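From just these sequences and the hints, can you work out the full model?
Top line first, the protein sequences correspond to chains A and B. For the first sequence, the positions run 1 to 371 when the working numbering is used. For the second sequence, the positions run 1 to 304 when the working numbering is used.
The hints are simulated quantities; they were obtained by calculation from the structure and are not laboratory data. These numbers come from a predicted model, not from an experiment. Each hint should be verified, as a subset may be incorrect.
[To be verified] Straight-line Cα separation of at most 27 Å, DSS-like style, residue types lysine-lysine; simulated pairs: (1) Lys6(B) / Lys77(A); (2) Lys217(B) / Lys104(A); (3) Lys181(A) / Lys170(A).
[What the hints assert, rightly or not] Sample of chain B residues lacking proximity to chain A, with all beta carbon distances greater than 10 Å (derived): (4) Lys101; (5) Phe112; (6) Leu148; (7) Gly154; (8) Leu205; (9) Ile218.
C-beta atoms are modelled at their ideal positions from N, C-alpha and C, and glycine is treated no differently.
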Amino acid sequence: MSEEPIISIRGVTKKFGSFTALKDISIDIRPGEIFALLGPSGCGKSTLLRIIAGLETATEGDILIAGQDMTDIPANKRPVNMVFQSYAVFPHMTVADNVAYGLKLEKRPKAEIEAKVSEALAQVHLSDFSHRMPDQLSGGQRQRVALARALVKRPRVLLLDEPLSALDAKLRDAMRLELVKLQETVGVSFVMVTHDQSEALAMADRVAVLNDGILRQLDTPAALYKTPCDRFVADFIGSINMFSVTGQAADGADAILSVRELHDIRLPTSRLPAVGGPLTIAVRPERVRVGDSPPDKDCCISAEGKLGDVAFQGNSSIVEIILEGGASIVALATESEADILMQAETGSPICAWWNSEDMLLLPDSAIPGND
Amino acid sequence: MESYRKNIRVFLAFFGPTAGWLVLFFFVPLAIIWIYSFGENSSLTTIKTTWTLDNYKRLFEPEIIGLFWRSVWLSVVSTAICIVMAYPIAMVIATASRKAKPWLLLVIILPFWTNLLIRTYALLNILGTRGRLNDLLHWFWNMGHGALELVGLGSLLGEQFEPIVFLGTPGGVMIGLVYVYLPFAVLPIYSSLERLDRNYLEASLDLGASQWHTFRKILLPLSISGINTAAIITFIPLLGSFLIPNLLGRGQVDMIANVIERQFKSANDWPFGSALSLFLLYITFIILAIQSFAAMRKRNQENG
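In structure tokens form, the structure reads like this:
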């Protein structure tokens, strides 16, 4: 990437007492992109966002915004603005006063402030609400006020903390699209924190997956889905079938993996991940085929079991294959496969198989020395 | 609530004792005082209810007006000092760690564990001309005097230490009043700050405001209800305080309650004492009414 990053996070570590919230995180955020910090709650993603905003100080490491070191620059002097998870729209001010709050501090002429406020409110479709008090607004409207209030400051980067989590499901989907469109219009980078992987995948250009304060993987949504670097990322992004490898033997250029639930698997050694440690094989449900028997036993990995639940989903169905010993495989069956399965009774014998190339071989952690 | 209304017995069981208590020990005595206030002493021990307004007319004698005025300004200033002092204390407690918070609150409540009379006598010991506070000031004076003498300015602080007279002065009474009522001001402000979403302050900083601007434009307006409650909760008992002006005022800084007490005891003028008591009650009512009216108007304004 030749372009200079708009935000450069360099080796940031954050400790709260003896608890380490972030461990040596380094991320570059590009101008004009939507960047998502994704992870389960408590992974440190919000802390990282607050460090960028200047509301929290890093124990170690630096933040550079547009090439400038932010270490000694307080929150109120940083060229970033934040949309809080609770929105934090000032309850004692009208919508217009909320949006004007930051501009008034810049000591701009009154007419200019008014023009900018009405422009910002128009951008978030709240022009008719400028004289309302926040308690007369819905959650979605309050969020728009928070957005307008931050964007009107023309930040280099807009920080969004769980921007959609407080909205109801229907509004959330509409707002996803709207936020992406808004980002395209204003052109500034968005850095958003979310625990919802589908939100991150749908909205972001690039996603950083964090767990326990460690950056697990940073990639585009498609790459995260197709080539997760470890067991955690694979499990966190989308749904996936996973089996722990219990034994490993070498046979010439091949490795033979034993998995308790499946037959032994023979693979070229070159496919094994570089880092050692416990290994997991994984396959996405849409890569799993189901039927009486696999067409070609040699290139496939197959498992026999009993038909479990079938959940009809229109053009596909989610099928559960219960293996001997109680473990199960989930497959996303095509319409034609599902038609056959519908006639089969629950508990009848069935086979699941997948191509060897579709199978992922995952370490517990791609970072040596962790876990 | 619905079920209470349906079952009158449950209602009576819950509210009967309280209501009975209030009627018997509050409304009835109040009514007696109200009737007394229209009466005249007919002998040393009997009061004749003549429905005279003389007792109320006497409220407008300059001496009594002066007394009320002094009580009101002492209370207003003490309330203001209480709030100005309580706000930072409340802020420290509200922002303290979860471990420290209960201990800090305990420190605020601790004085209530000792009887007010004993605490006031302790204040007498501290504030007297030969009290602990003057001892401390004397020590400081000695230090300062000694230091100034070294540079040849020994006469700057006078030849001898003059103790400050606290007892029997409005200042001394005010120190006592603030000491007693400060916890009452801390608690409501603390609870309003405690409930405040910290994100409001962070959002203000994030939008470019300084700490001071954030305090003025966000923190203060959002904790105004706590300040209002604190003002009422300290002002009302302050206006009727008896013990502190009685002991620390040495009869020279009387407040209303001291004069009322005198009417019922040494002056043996129950009708006038009753009129004074009721007048104090009316003042309190009026202040409360103005306050809630202002609050209501503010709410209406905000709702457009």
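Sort out which numbered hints this structure fails and list those numbers smallest first.
-> 1, 8 and 9
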